[in-house]
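Number of protein chains: 2
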Amino acid sequence: MKRQVLGIDIGGTNLRGAIVTNDGTIAKKKDIPSEAKKGINKLIDNLANFIDQFEKNEPDAIGIGVAGIINKKTGILTQAPNIAKVNNFPIQKKLTQKLKSKIPLILENDSNSAAFGEYLLGAGREANSFVMLTLGTGLGGGIIINGEIWRGEDGMAGEIGHIIVNPDGPKCSCGNSGCLESYVSGEALKRMVKEDPELKKTLKDVPKDDIPQALMKLANDGDQKAITTWNQFGKWLGIGITSLTNLLNIDMAIIGGGISNAWHLFINETESEIQKRGLRGPIERLKVRKSILGDDAGILGVSYLAFKYLESNSTNQNLIL
Amino acid sequence: MKRQVLGIDIGGTNLRGAIVTNDGTIAKKKDIPSEAKKGINKLIDNLANFIDQFEKNEPDAIGIGVAGIINKKTGILTQAPNIAKVNNFPIQKKLTQKLKSKIPLILENDSNSAAFGEYLLGAGREANSFVMLTLGTGLGGGIIINGEIWRGEDGMAGEIGHIIVNPDGPKCSCGNSGCLESYVSGEALKRMVKEDPELKKTLKDVPKDDIPQALMKLANDGDQKAITTWNQFGKWLGIGITSLTNLLNIDMAIIGGGISNAWHLFINETESEIQKRGLRGPIERLKVRKSILGDDAGILGVSYLAFKYLESNSTNQNLIL
Chain V
0 MKRQVLGIDI
10 GGTNLRGAIV
20 TNDGTIAKKK
30 DIPSEAKKGI
40 NKLIDNLANF
50 IDQFEKNEPD
60 AIGIGVAGII
70 NKKTGILTQA
80 PNIAKVNNFP
90 IQKKLTQKLK
100 SKIPLILEND
110 SNSAAFGEYL
120 LGAGREANSF
130 VMLTLGTGLG
140 GGIIINGEIW
150 RGEDGMAGEI
160 GHIIVNPDGP
170 KCSCGNSGCL
180 ESYVSGEALK
190 RMVKEDPELK
200 KTLKDVPKDD
210 IPQALMKLAN
220 DGDQKAITTW
230 NQFGKWLGIG
240 ITSLTNLLNI
250 DMAIIGGGIS
260 NAWHLFINET
270 ESEIQKRGLR
280 GPIERLKVRK
290 SILGDDAGIL
300 GVSYLAFKYL
310 ESNSTNQNLI
320 L
Chain G
0 MKRQVLGIDI
10 GGTNLRGAIV
20 TNDGTIAKKK
30 DIPSEAKKGI
40 NKLIDNLANF
50 IDQFEKNEPD
60 AIGIGVAGII
70 NKKTGILTQA
80 PNIAKVNNFP
90 IQKKLTQKLK
100 SKIPLILEND
110 SNSAAFGEYL
120 LGAGREANSF
130 VMLTLGTGLG
140 GGIIINGEIW
150 RGEDGMAGEI
160 GHIIVNPDGP
170 KCSCGNSGCL
180 ESYVSGEALK
190 RMVKEDPELK
200 KTLKDVPKDD
210 IPQALMKLAN
220 DGDQKAITTW
230 NQFGKWLGIG
240 ITSLTNLLNI
250 DMAIIGGGIS
260 NAWHLFINET
270 ESEIQKRGLR
280 GPIERLKVRK
290 SILGDDAGIL
300 GVSYLAFKYL
310 ESNSTNQNLI
320 L
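Sequence order for the protein chains is V and G.
For the first sequence, numbering that gives the first Met the number 0 gives the first residue as 0, with consecutive numbering after it.
For the second sequence, numbering that gives the first Met the number 0 gives the first residue as 0, with consecutive numbering after it.
Rather than coming from a laboratory, the hints here were simulated on the basis of the structure.
Be a bit skeptical, because a hint or two may be false.
Note that identical chains are pooled: a pair holds if it fits in a single copy or bridges any two copies.
To be verified - For lysine to aspartate or glutamate, the following EDC-like pairs were computed, each having C-alpha atoms within a straight-line distance of at most 16 Å:
#1 Lys-36 with Asp-153
#2 Lys-97 with Asp-51
#3 Lys-203 with Glu-283
#4 Lys-41 with Glu-54
#5 Lys-41 with Glu-147
#6 Lys-71 with Glu-283
#7 Lys-72 with Glu-283
#8 Lys-200 with Asp-51
#9 Lys-234 with Glu-268
#10 Lys-289 with Asp-22
#11 Lys-286 with Asp-153
#12 Lys-193 with Asp-208
#13 Lys-275 with Asp-167
#14 Lys-97 with Asp-208
#15 Lys-193 with Asp-30
#16 Lys-41 with Asp-167
#17 Lys-41 with Glu-125
#18 Lys-99 with Asp-30
#19 Lys-84 with Glu-54
#20 Lys-275 with Asp-153
#21 Lys-55 with Glu-270
Since the structure is predicted, the reported quantities are computational estimates derived from the model, not experimental observations.
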C-alpha cells in the first residue's frame, strides 16, 4: 500500500521537513531556522507552523526526530542541551495541543532516527549492529543492535556524545565535563577556534554558527592550524569509537551529520587512533563508514518509523511515541 | 529433568570449579592457582588436571568462564591481558585435545557468565537490562539487554574495562592507555599504592597480589591515605558507570568480583560521581547494586549456559561455544 508521511528533523539550528513516500522517495523538502536558542516554546510555535505548511499534502502520519532525550514512556523531553530552556518539557502534550491536524505523530530522538534510516536505506544496510555518530551542533548517537534501535529502558539510550573521554576536560552542554561531545561537535570546533589565538584572529568575522564550515574551507586551503584542529577532532572521534567498539563489538560505526562533510580532514586520524588503541578482535571487524543518506538520514529514518507504526496499527490515536 | 554440570571460572589468579545442579545448588567447590602469569599452555595443563578431578561426579557438560576475549565463531581466545602469552590462542581445540572426558564443553567470557548468573539468580533478577562490572585482577564486564547477554558480532562485546576514560592515563594491560581498567581493578590499586610513597612504605612487605586486600584492611582501620585511594577508585568507577548509563539507559549496574567486598569504601564516591555527571533521565532509573552471588556468579552463570545448551541439543558434540 502506498503511503506518505511528513518527516521532520529538529536540530539545534534548523527545522527540516519533507514528504516521504514508502518507496523511499523524498519530496517537498523545506527548512526554516529552529530558533532553538530562543527556547523550547518558540521552537514548538515554529514547528507547529512548519507542520501546517505541509497540511495540503495530506500525510498519513508525522514523524519527528528531536535533538534531545525523550522518555518514550511519558512523552517528556527530559534534556536537550542544544535547545534552550528544556527541563522535563512535555513535548508530546504541548505539540498535540498546538496542531490543527490530528493524524498520528511519532517522536524519536533525531540520531536514533538517522541510525534507523542508515540501517534500512544507507551505509548500515549490510550491518547487523552499528553505532551512528551524528556530527552537528552537538554529537548525536544511535545504537542498532540486531537490526533494531536500542532505546534503553526509557527510550533514552544512544547518547554517544555523553560518554566521558576526559573527566577534567572542557565543560559540556549537558553540565558534565569532558564528554565526547565537548571534543567532537560543532560546539567543540568553536571552542577549539576560540582557544587558538591564530585561528581566532583568522576567523574573527565569521558568524559563530558558520565556524565549522569556515574551518573546513581553511583546512582545504592548506592552513596548518586548521588542519591540526581537524586532526585533533579526528583523534577524539577515534577515541570515542574505540570505546564503543571494545564495549559493543559492533559491525560498523557510521559518521553522519553536517560536519561529516569534513570526512577527508579527520578520518585518517580517527582510523589510526582506533588501530592504536582498540582491542584486536573487535577492531578487526569494525568498519568506519560515512553516512550515505547525509542530511536525509533523520527524516527518512523517522518516516520509516512512522510507516512501521501505521503498518502495526489500524486505529488513529492522536499521538504515539 | 535433573542435570548437573561442572562450572569453572578461570581468573588471572585462580581456577575455581564446582558441580552445579539445575536447581541452583553448588557442591564440591574447589580452587587451585591458575598460574596464568606462567602462560596459557601452563594454564591449560592446570585446567585439564582440574577438570579430571571432577570426573567421578559425572557432569553432563562443562561450562568454563574465561577471563579473556573469545571469538565465539572460531573458538579462539584473541586477547587475555591477565593470562601471559595469549595471542590468538585456539583454546577450543587445545582444550579438547587435552581432556579425557568428551562431554559438551561450553566456553564463555567470565564476566558475561557472571552477568548471566546475576540475571537469573542474583542482583539482576528484576532488571531487563544491566551492565555487570567484575572487579578482580582486571575489570571484567558483561552487558545484559532484554534478558540476553549482548555478545556482539564475534562474542567479544562487554569489555567495559576497555572503554577509555582518560586517553593520556596510565598504560593498560591491553596495550592502550587510560582504559577504565587502569583506574578500576586490582592492578590499578597496585599502581596507586606504588605511586604513593607513604602507602608504598606501609605495604612494602605485602605480596603484590594481596595488596587490594591489605589496602582494604588499612582503610577499614582508618588510614587516611588508604581511604583516599578507595575514594579515587570509587570516583573512576562512577565515571565509567555514568558513560555506560548515558549510552545504554540500563536498569542497573551490578558490581561484582573480589574487590566488590570493599563496597563500603568506594560506593559513596561512585554514587556521587554518577549524580554529578550523568544525564538526568538515564540516571534517575539507574540502580547500582552489589553482586548477590559474589564469587559464585561466574560459575553459576556459565553452568546455566551449559544447561541452556543441554536443553536445546540432544546430540553430544565434543565442544560447543
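Going down the list of hints, with the structure as the test:
1. Taking the closest pair of Cα atoms, Lys-36 and Asp-153 never come within 16 Å of each other, the shortest separation being 26 Å inside a single copy and 44 Å across copies.
2. Taking the shortest Cα distances, Lys-97 and Asp-51 sit within 16 Å of each other inside one copy (10 Å), while across copies they are farther apart (73 Å).
3. When the C-alpha separation of Lys-203 and Glu-283 is checked against a cutoff of 16 Å, the pair qualifies neither within a copy, at 43 Å, nor between copies, at 42 Å.
4. In the homo-oligomer, the alpha carbons of Lys-41 and Glu-54 never lie at most 16 Å apart, since the shortest distance is 21 Å inside one protomer and 73 Å across protomers.
5. Taking identical chains as interchangeable, the C-alpha atoms of Lys-41 and Glu-147 are never at most 16 Å apart, the minima being 33 Å within one chain and 43 Å between chains.
6. For the identical chains of this complex, Lys-71 and Glu-283 are inter-copy neighbours only, at 14 Å across copies versus 35 Å inside a copy, given an alpha-carbon limit of 16 Å.
7. In this assembly of identical chains, the alpha carbons of Lys-72 and Glu-283 lie at most 16 Å apart only when taken from different copies (14 Å versus 38 Å within one copy).
8. With identical chains, the CA atoms of Lys-200 and Asp-51 are never at most 16 Å apart, being 44 Å at best within one copy and 74 Å at best between copies.
9. Proximity of Lys-234 to Glu-268 under the C-alpha cut-off of 16 Å is restricted to the intra-copy arrangement: shortest distance 5 Å within a copy versus 30 Å between copies.
10. In this homomeric assembly, Lys-289 and Asp-22 never come within 16 Å of each other (Cα to Cα): the closest approach is 23 Å inside a single copy and 50 Å across copies.
11. Taking the shortest alpha-carbon separations for Lys-286 and Asp-153, only the inter-copy value of 14 Å comes in at or below 16 Å, while the best intra-copy value is 29 Å.
12. Taking the closest pair of Cα atoms, Lys-193 and Asp-208 come within 16 Å of each other only inside a single copy of the chain (13 Å); across copies the shortest separation is 48 Å, beyond that limit.
13. When the C-alpha separation of Lys-275 and Asp-167 is checked against a cutoff of 16 Å, the pair qualifies only between copies, where the shortest distance is 13 Å, while the shortest distance within a copy is 23 Å.
14. With identical chains, the CA atoms of Lys-97 and Asp-208 are never at most 16 Å apart, being 29 Å at best within one copy and 65 Å at best between copies.
15. In this assembly of identical chains, Lys-193 and Asp-30 lie within 16 Å of each other by CA distance neither inside one copy nor across copies; the values are 29 Å within and 59 Å between.
16. In this homomeric assembly, Lys-41 and Asp-167 never come within 16 Å of each other (Cα to Cα): the closest approach is 34 Å inside a single copy and 43 Å across copies.
17. Proximity of Lys-41 and Glu-125 under a CA criterion of 16 Å is satisfied in neither setting, with 40 Å inside one chain copy and 42 Å between copies.
18. Taking the shortest Cα distances, Lys-99 and Asp-30 never come within 16 Å of each other, neither inside one copy (20 Å) nor across copies (70 Å).
19. Taking the shortest Cα distances, Lys-84 and Glu-54 never come within 16 Å of each other, neither inside one copy (29 Å) nor across copies (67 Å).
20. In the homo-oligomer, the alpha carbons of Lys-275 and Asp-153 never lie at most 16 Å apart, since the shortest distance is 35 Å inside one protomer and 20 Å across protomers.
21. Proximity of Lys-55 to Glu-270 under the C-alpha cut-off of 16 Å is found in neither arrangement, the shortest distances being 47 Å within a copy and 53 Å between copies.
Violated hints, listed in ascending order, are 1, 3, 4, 5, 8, 10, 14, 15, 16, 17, 18, 19, 20, 21; each of the other numbered hints is respected by the structure.
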